[in-house]
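Whole structure, please, built from the sequences with the hints as guidance.
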Amino acid sequence: MNTNTDFSAIEKKSQRNERIRKIITYVLLTFWAVIVLFPFYWMILTSVKSYSAYNSEYVPQLYTLSPTMQNYFDAFTAVPLTRYFLNTLIFTVVTTLLMMVVTVLAAFAFARLKFPGKDILFTLFLSLMMIPNELVIITNFVTITNAGMRNSYIGLILPSVTSVFYIYLLKENFEQIPEELYKAAKVDGTSDFKYLWKVMIPICQPTMVTIAILKVIECWNSYVWPRLITDDQAYFLVSNGIQEIRENGFGRENIPAMMAAVVVISVPLIVLFLIFHKKIMAGVSRGGTKG
Amino acid sequence: MKIVLQNLTKRYPNRNKKIKEDVIAVNNFNFEIPDGQLIGLLGPSGCGKSTTLNMICGLEKPTSGKIFFGDDDVTDLPPENRGVGMVFQSYALYPHLTVLQNIMFPMENLKGKDKMTKEAMRARAEEAARMVQIDQLLERKPSELSGGQQQRVAIARALVKVPRVLLLDEPLSNLDARLRLQTREEIRRIQRETGVTTVFVTHDQEEAMSISDLIVVMEAGVVQQIAKPQLVYEDPINIFVAKFLGTPPINVFEGEVKNGIVYIGGDAIIKAEPDSSWKEGAPDAAPGAALKDGPVTIGIRPEGFDPEKDGELQCGLTAVEVMGRDTSIVATNAHAANGSIRTIVNTEELAEVSGETVNFRIKPSRIYLFDHETGARVRCRFTPLR
Ligand SMILES: Nc1ncnc2c1ncn2[C@@H]1O[C@H](COP(=O)(O)OP(=O)(O)O)[C@@H](O)[C@H]1O
Ligand SMILES: [Mg+2]
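Protein sequence lines correspond, in order, to chains A and B.
Residues 1 to 291, numbered by our numbering, are exactly what the first sequence covers, in order.
Residues 1001 to 1386, numbered by our numbering, are exactly what the second sequence covers, in order.
The hints are simulated quantities; they were obtained by calculation from the structure and are not laboratory data.
A portion of the hints provided could be inaccurate.
Unchecked claim - Cross-link-like lysine to aspartate or glutamate pairs, in silico, EDC-like; alpha carbons within 20 angstroms at most: (1) A/K198 / B/E1139; (2) A/K183 / B/E1060; (3) A/K198 / B/E1060; (4) B/K1111 / B/E1080.
In structure tokens:
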């Protein structure tokens, strides 16, 4: 009888501890969520403030009582934002597709084929990762300019159709596929290409999806390279467009219109991420634990 | 379909790049595998079994030598044109495909007149699945199957194209003991049913003994002996084969032959006389060496020892281990290969054993002499001293 009461006391105590721990966790998480989400709120808030209201605020207001959609209208009329959108879409889709093809084939060659100098070539490839991006951009700029490919899709796309890191990631993944699977496929007369298409790619699908999505995000957000290589509006991407809108105010920067453009541009990426975030995580953690 | 291997040799550049000398994985393999038989290719790890199998399959090109299927020279044919089915140690199932898709995979590559419709492929795959009794599992993924079931899928996939030759590379070594026994019976049954010439690679002597029609014992790329399972055990061609087969292993002694008597240390063990039916160098004679006086290596199977008070071989008694039906006597002898011997005796004979020492009589049918230098079997007959 004694033990019974003891047990219930212990149980109560542990329940209380459990509740306190939960409360602390939630408070911390909420705090964190506010920090993370605040910039988004600020972006949306600014995008619905009118140009004059925004510029007359001496202390930025945390809310607005007269939201307006005018900025969205301005964003699309001040500059050809639709055109930029289209450019970005073309740039992103083509770059990602080409990069997937190049990366898969290169990773396959490094993982499966035997050719002289393979190890040295791969080491050289990896050492490329050590070179800072800025340096590469300078040489790329010279190359593309000399080739007369400024202000063209090909000039925009060409430098991004390969990625040493993704080749490395995919090669590691391919190499985890057991040798015996390849032998089994060979016994059945499967060609190398069919083996790649029917066996390797499906098995490594999580990594492929991750790479594709990361590349899409990278393309969508790219700024420095498109800015350098284009000065013709017809080839601007949205990132350049935002900059243009900002410079389009009446004597002052038109921040609300710019924020409106940013909102519009971010939506596709956020949607993409929400749809695929489980797969992205799967691919990353898989590469991590097995590689 | 008989398979002929003619002077089959495979050299690899050494994996350790510092060593210039090639590795000879398979050295001058000659053998004619009779039609419809199950051949057990037996040898320790790294002796060239897989390499041999891969050459028969077509995954590896021989450095020299030829391979015939029936009368066709297939040495230069790629695997898909040889009509072989192969089962791998780790099953090698495609993890992203269902069982049915796995079994259908080999048929999808057929070209030209062999091309099959989806329905025909499906029917064939189902038939193969039924043969290995996995027709209930067709829609599962390999990861949802037990090891034994996965191995059956692999066998069905190898059989689905009705191969002329079935090759299995250590197909049971990833299974647990009970499943191994079961699956091995299964393989035997399927082989009998289909009558397909089969080569079964294993490093497990018991496995090879139990299912093979013929056993090929290999060591360091060289074929040591090809014979029926029982003969490999009872009539080993050299010390390697004698040591490799049998559990517990054969007991090896350093001894001597003097005036037709075999000695271990000072103990005269048994009388030996040249085998009159065997002539050294005769074309049809089994390889071996002639009996002569001098040092000799002696092999005695564990069951070749009779504990007896006045037995010829004197040993120190270490332990008596009762293992169910049999009893094992562990004893010491200064001339045994590692100082101790292990015998298997009937439990009734145990009355004779007690104290510090034990004496054994040696059964003439369980003792073998091997050449001291080459390890070749010395061809002779034994008779007891008394
Ligand atoms: N691709 C290769 N390159 C170099 N050496 C190899 C290669 N494949 C096998 N070998 C060597 O050949 C020998 C036989 O190998 P293998 O046929 O796999 O043996 P088993 O199957 O009997 O264990 C081993 O010594 C192995 O190291
Ligand atoms: Mg092997």
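Results of checking the hints against the structure:
{"no.": "1", "hint": "A/K198 / B/E1139", "verdict": "holds (18 angstroms)"}
{"no.": "2", "hint": "A/K183 / B/E1060", "verdict": "holds (10 angstroms)"}
{"no.": "3", "hint": "A/K198 / B/E1060", "verdict": "violated (23 angstroms)"}
{"no.": "4", "hint": "B/K1111 / B/E1080", "verdict": "holds (11 angstroms)"}
The structure does not agree with numbered hint 3 stated previously, though it agrees with all others.
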